[in-house]
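Model the placement of chain B on the given structure of chain A, informed by the hints.
Protein chains: 2
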Amino acid sequence: MKLGRLVKTKRIFPLPRVYQLLEPGPVLLVTTAYKGKSNIMTQSWHMMMEFEPPLVGCLISGRNSSFEALVATKECVLNIPEEHLARQVVGIGNCSGRKLDKFRKFKLTAQPASKVEPPLIEECFANLECRVVDTRMVNKYNLFVLEVIKAWAEPAKKDPHTLHHRGKGLFMVAGKTIRLPSRKK
Amino acid sequence: MKLGRLVKTKRIFPLPRVYQLLEPGPVLLVTTAYKGKSNIMTQSWHMMMEFEPPLVGCLISGRNSSFEALVATKECVLNIPEEHLARQVVGIGNCSGRKLDKFRKFKLTAQPASKVEPPLIEECFANLECRVVDTRMVNKYNLFVLEVIKAWAEPAKKDPHTLHHRGKGLFMVAGKTIRLPSRKK
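Listed in order, the protein sequences are those of chains A and B. For the first sequence, this note's numbering begins at 245 and goes up steadily by one. For the second sequence, this note's numbering begins at 245 and goes up steadily by one.
Only chain A is shown next, with the shape it has when bound in the complex:
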């Protein structure tokens, strides 16, 4: 694992606005740390569950070694990659962290998080430090309820080119943003 310094282009991102990062449905890179080792998995099955504090439902199959880490440590970071990381996103999803160091293999930089043990991925434009707050749906659905306790994002990033999984190696890349008058969050 390559350790990087805190990137100066990132700033604290307000927790009440975290939903604006996750609602569009981007593919995530989830980092965990367990038994002295950090790991990464690619993840698309997630949803917002509450605005404040921001709660995120996150489904992680028991076949992933990240499942074991999350059950044991109750901590993870949701990192949001963009199009330029598409090869890494697929590569990370196609191998297991049981036998290799994914940070090294995919040339990603681990930054220390502020409130949890798992590292942030520097190359992602946003990073959400999370704690597991409810495990009652894990047995039946592998569904973890996470609370985002600290969030980071590049403030200059207005329209991120997030990836959206369409299955079998297909990804939709975020296009233009339109604005309509709305009274809603």
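Hints in this document: simulated from the structure, not taken from any laboratory. A portion of the hints provided could be inaccurate.
Since copy identity is lost for identical chains, a pair holds within one copy or between any two.
Stated by the list, open to error - In silico DSS-like cross-links for lysine-lysine, where the CA-CA straight-line distance does not exceed 27 angstroms:
#	residue 1	residue 2
1	Lys-349	Lys-429
2	Lys-349	Lys-254
3	Lys-412	Lys-428
4	Lys-384	Lys-318
5	Lys-428	Lys-349
6	Lys-394	Lys-428
7	Lys-351	Lys-429
8	Lys-420	Lys-402
9	Lys-254	Lys-359
This structure is a prediction, so every number in the text was calculated from the model and none was measured.
Showing chain B alone in chain A's frame:
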């Protein structure tokens, strides 16, 4: 409610591929039917929970009249709109079906579904007929687990221009699709 005939451009969509429609995180229009009246709500907090049978987690706040309908009838349809319906998507999210007929107000066409009472929205390129299969997370999180029991989509629609909510009237519109070699679903 304006009743339309079954549109000839739509075909049965295979249930094991439903995840390919929902994983990218599109805004949905959820239809319900209760006490002889159909209703529509705009919804973004959803996620895939199982491939087969396709299970979808769907969070619907108790403030919506659709919540009451879903609790009582345990049926809904998830309709996936595209960019050309953006004004309707926002409008539907900004008013309540308690006092008006949203099909009429937003000039949308209701088609009969095949397995559930709530109608399909003809103008949406895909429609997923759903039954509620688990309500244990409703009390705490307003989270319904839905099973998709019948799915419809326009077969010609290769890269739909789905809408992805970014908050406060901002929507990302689905951009290009890229393909990478992957061994995963």
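Each hint tested on the structure:
Taking identical chains as interchangeable, the C-alpha atoms of Lys-349 and Lys-429 lie at most 27 angstroms apart only when they sit on different chains, with a minimum of 22 angstroms there against 40 angstroms within one chain. In this assembly of identical chains, Lys-349 and Lys-254 lie within 27 angstroms of each other by CA distance solely inside one copy; the values are 24 angstroms within and 44 angstroms between copies. With identical chains, the CA atoms of Lys-412 and Lys-428 are at most 27 angstroms apart between copies only, with a shortest distance of 6 angstroms across copies and 35 angstroms within one. Proximity of Lys-384 and Lys-318 under a CA criterion of 27 angstroms is satisfied in both settings, with 18 angstroms inside one chain copy and 20 angstroms between copies.
For the homomeric pair Lys-428 and Lys-349, the shortest alpha-carbon distance between copies (19 angstroms) is at most 27 angstroms, but the shortest distance inside one copy (43 angstroms) is not. Within a single copy, Lys-394 and Lys-428 get their C-alpha atoms as close as 24 angstroms, which meets the 27 angstroms cut-off; across copies the closest is 31 angstroms, which misses it. In the homo-oligomer, the alpha carbons of Lys-351 and Lys-429 lie at most 27 angstroms apart only across protomers (25 angstroms), although the nearest pairing inside one protomer, at 37 angstroms, exceeds that limit. In this homomeric assembly, Lys-420 and Lys-402 come within 27 angstroms of each other (Cα to Cα) both inside a single copy, at 11 angstroms, and across copies, at 18 angstroms.
In the homo-oligomer, the alpha carbons of Lys-254 and Lys-359 lie at most 27 angstroms apart inside one protomer (16 angstroms), although the nearest pairing across protomers, at 50 angstroms, exceeds that limit.
Comparing the model with each earlier hint shows no violations; every hint is respected.
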